[in-house]
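Visitor: Chains as they are written, first to last, in my numbering: chain D, 1 to 72; chain F, 1 to 275; chain G, 1 to 375.
No lab work stands behind these hints: they were computed from the structure.
Where a beta carbon is used, it is the ideal one built from N, C-alpha and C, also for glycine.
The reader is advised that the hints may include incorrect statements.
Claimed, not checked - Quick list of simulated restraints, FRET-style, between CB atoms:
1. V42/D - K223/F: 16 to 26 Å
2. H131/G - K4/D: 55 to 65 Å
3. K13/F - K194/G: 24 to 34 Å
4. E197/G - N270/F: 36 to 46 Å
As the list claims (entries may be wrong) - Computed list of lysine to any residue pairs in SDA-like fashion (alpha-carbon distance at most 20 Å, straight line):
5. K299/G - H352/G
6. K13/F - Y222/G
7. K13/F - N239/G
8. K37/D - M14/F
9. K42/F - P196/G
10. K7/F - T62/D
11. K37/D - E53/D
12. K13/F - V244/G
13. K273/F - G21/G
14. K13/F - D232/G
15. K88/F - D217/G
16. K42/F - A216/G
17. K273/F - G48/G
18. K13/F - N240/G
19. K42/F - G221/G
20. K223/F - E53/D
21. K200/G - T220/G
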Amino acid sequence: MGKKRFNVTVDRTICKACGICVAFCPMSVFTTDHDDKAVVSVPERCTGCRQCELLCPDFCITVVQVEEAADG
Amino acid sequence: MGEIHEKYLRMDKMPHIWCAGCGNGIIMGAFITAIDRLGYDKDEVAAVSGIGCSGRITGYMDFNTIHTTHGRALAFATGIKLAKPRLKVFVFMGDGDAVAIGGNHLIHACRRNLDMTAVIFNNHIYGMTGGQFSPTTFKNKNATTAPYGTTDPDFDIAQLCIGAGATYVARGTSYHARLLTDLIVKGAEHPGFSVIEVITHCPVNFGRRNNFESPAQMLLWQKEHGVAARKAKTMPLEDMEGKFTIGELYRSTEIPEYLEEYGRVIQAANEEKKS
Amino acid sequence: MAEAKLLSGNDACVQGALAAGVRFFAGYPITPSTEIANAFARELPRRGGIFMQMEDEIASMGAIIGASCTGTKAVTATSGPGFSLMQENIGYAAIAEIPCVIINVMRYGPSTGLPTSPSQGDFMQTRWGSHGDRPVIVIAPYTAREAYRETGRAVNLSETYRVPVIVLMDEILGHLRERVEFRDEDLVQEISRKGPEPGKPFLPYENTEDGVPPFADFGTGYRYHITGLIHDETGFPTNNPVEVDTIMRRVNGKLDMHIRDIERTRFVDADDAEILIVAFGSVARSAHEVVRTLRNEGKAVGMVRPVTVWPFPDEDIRTAVAGKKAVIVPEMNLGQMVREVERVVAGAVPVHALNRIDGLLVTPHEIRDLVEDLL
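Chain D with its partners taken away, still in its complex shape (with noise of 0.2 Å):
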């Protein structure tokens, strides 16, 4: 059985830059952009804590299980 993955998306249009989920992400998949809003930058390490979904106080982050194929 294959890890896990996950498709994690940033909604920039309402994200106000407050860094919560770059700090709080235990495996660092956020980075920030020259206005300091949050950028999906390594989502390979996603283990899918929804840690960031969770603390993100716009509802911006959204994290998906990727369905993956049977045959890996």
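Assemble chains F and G onto chain D, guided by the hints.
Guide: Quick look at chains F and G alone, frame taken from chain D:
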């Protein structure tokens, strides 16, 4: 935004007015997750709020919502619950709302034990008016009305509510968002008056004046200072210095719920009428 | 109906409210209104209603607004200091357009005042007591019988126009007991607020033709927002000057659109009178006595008695005073309603204030003396 947000929020009102990094959004997320878990019909939920940043929460959620006057949310909520008991009534207040201007209503709501759930956003400051100290601001903190540091002792909201007779009292934080959802679910299921104090953060009007560089740092403070109530019991007292307990702090099922008691009044009145 | 009862003014208010379908009371004890709370505490549970003793008058006002949000007809009762505490939430009910009735049994003020002598010192406060412009209907009965009927009418007007209605009693009227013979015209109807039209999109603060939007009770499937912030037709806060102007003019103007339904003015021998007394509440009892005795002596004196005191009955007063020799306005205060009379009369006829602030009722004797001086 996820399915839960789309189901329970008034999406046309997004984004909300709260500042970057504000804890209020996190609490709102935890709350709607709790409602989803409780499985309540949106038509049967009444959300009542006071005035201040926290008071704006009712405008964003797709229930029967009412944004009342400063400090009086519990009074309005009491009328709603008594007049239509089948509604699930949730009351949102800030620290100024709940324990300053509305302190009288809070202790009496605790004493009566009417089946409602109060969620108190305790960010230790008056945020909307620009950073005046509140009854929960710790000593020696800076506020616009305490330019030389606060001198007033602070209230412990949860202990105050236990003392006043609330039958379910819990404390969560905006950092411990999963725990907060659990506590709200338990509070809602508890038949009686429930209080969930939420230690949260105001990055702009508290944080900046009190050496917090970012919202994340304030969340980190919550993480480091919130100690699970069960664990705190086993810790030496000096280790708890400056810290606070989180989780379920008190629960009693011995005190009857208010409307159950009122049912007896109606019965007695009708018996007198017959005789 | 012709049924006789011995009733105090306070008890009559309770009976009238119950007849109009009131099923919720929240209040805080204060003399001289306390008998109203006592009576509701006894009567409401028998009807499956709720009596709630709150922690203060602010909470009482909040609780009746909350109860009304669910469609339940709700009343509170208070006096002087408690009425002052209610002002913020009365303003809330006015702008959020939530029906509710406040019975204010006036006592002597300011502050704790002269417990608990009568007064009419709250006449202006009922109209202007909250911050900001807000509408209100104020009804001032003068007998126990009228207290019954007018409290019922207060509930119905509140439901019809989505506005707080104040029943303005005073200590004398609240505490006096008199034989009340109920006749058919005293029958109190039960009128409820209009709800949303099925199949039509619901706008909780719709700019309707009649100025009164439909009200959806909480828990009936209309999930909407109520706020004391100035809001648009959807009920959500707005800062848009055009929307702000629109709602403020509608809310503050809606009563004018229905003024004939709201106003109630009583005339006693007013047509051919040379001297006209304008009085309300218990002082109108003294004035009535003066008119009766002087008319027996063949003297041309009459009375105009606003029952609905706010909105002030401008037209009725203007018409009634035309051509009179003088107008007398006796009040248990330093001159409040007289300002309204002077405004309406606008110098056409001399207006004389007769004020008492020693905690006693203006007597027929005093009014009579002034009438005779002026005749």
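Visitor: Hint by hint, say whether it matches the structure.
Guide: Cross-check of the supplied hints:
At roughly 23 Å, the beta carbons of V42/D and K223/F sit within the given window of 16 to 26 Å. Range check, H131/G to K4/D: about 58 Å between beta-carbon atoms, so the 55 to 65 Å window is met. Between K13/F and K194/G the CB atoms are about 27 Å apart, so this pair conforms to the stated range of 24 to 34 Å. Checked against the hint of 36 to 46 Å, the pair E197/G and N270/F passes, with Cβ atoms roughly 37 Å apart.
Of the supplied pair hints, the one linking K299/G and H352/G holds, its CA atoms being roughly 18 Å apart against a limit of 20 Å. Restraint check for K13/F and Y222/G: the C-alpha separation of about 17 Å stays at or below 20 Å, so the hint holds. Pair hint K13/F plus N239/G holds up; C-alpha atoms about 15 Å apart against a cutoff of 20 Å. Of the pairs offered as hints, the one joining K37/D and M14/F holds, with about 18 Å between alpha carbons and a cut-off of 20 Å not exceeded.
Taking the CA atoms of K42/F and P196/G, the gap is about 19 Å. The hint holds against a cut of 20 Å. Taken as a hint, the K7/F and T62/D pair is honoured in the structure, with Cα atoms around 15 Å apart against an allowance of 20 Å. At roughly 15 Å between alpha-carbon atoms, K37/D and E53/D fall within 20 Å of each other, so this suggested pair holds. Distance check on the hinted pair: K13/F and V244/G sit about 19 Å apart at the alpha-carbon level, within 20 Å; holds.
With a CA separation close to 19 Å, the supplied pair K273/F and G21/G stays within the 20 Å bound. Straight-line distance between C-alpha atoms of K13/F and D232/G comes to about 14 Å, which keeps the hinted pair within the 20 Å bound. The suggested pairing of K88/F with D217/G holds, with an alpha-carbon distance near 15 Å, which does not exceed 20 Å. Under the criterion of a C-alpha separation no larger than 20 Å, the hint pairing K42/F with A216/G is consistent with the structure, at around 15 Å.
Our distance criterion of 20 Å between C-alpha atoms is met by K273/F and G48/G, whose separation comes to about 12 Å. Between K13/F and N240/G, the direct Cα distance comes to roughly 16 Å. Compliance with the 20 Å bound is thereby established for this hinted pair. A C-alpha spacing of about 9 Å is found between K42/F and G221/G, which places the hinted pair at or below 20 Å, so the restraint holds. A distance of roughly 17 Å separates the Cα atoms of K223/F and E53/D; the hinted pair therefore holds under the 20 Å criterion.
A distance of roughly 15 Å separates the Cα atoms of K200/G and T220/G; the hinted pair therefore holds under the 20 Å criterion.
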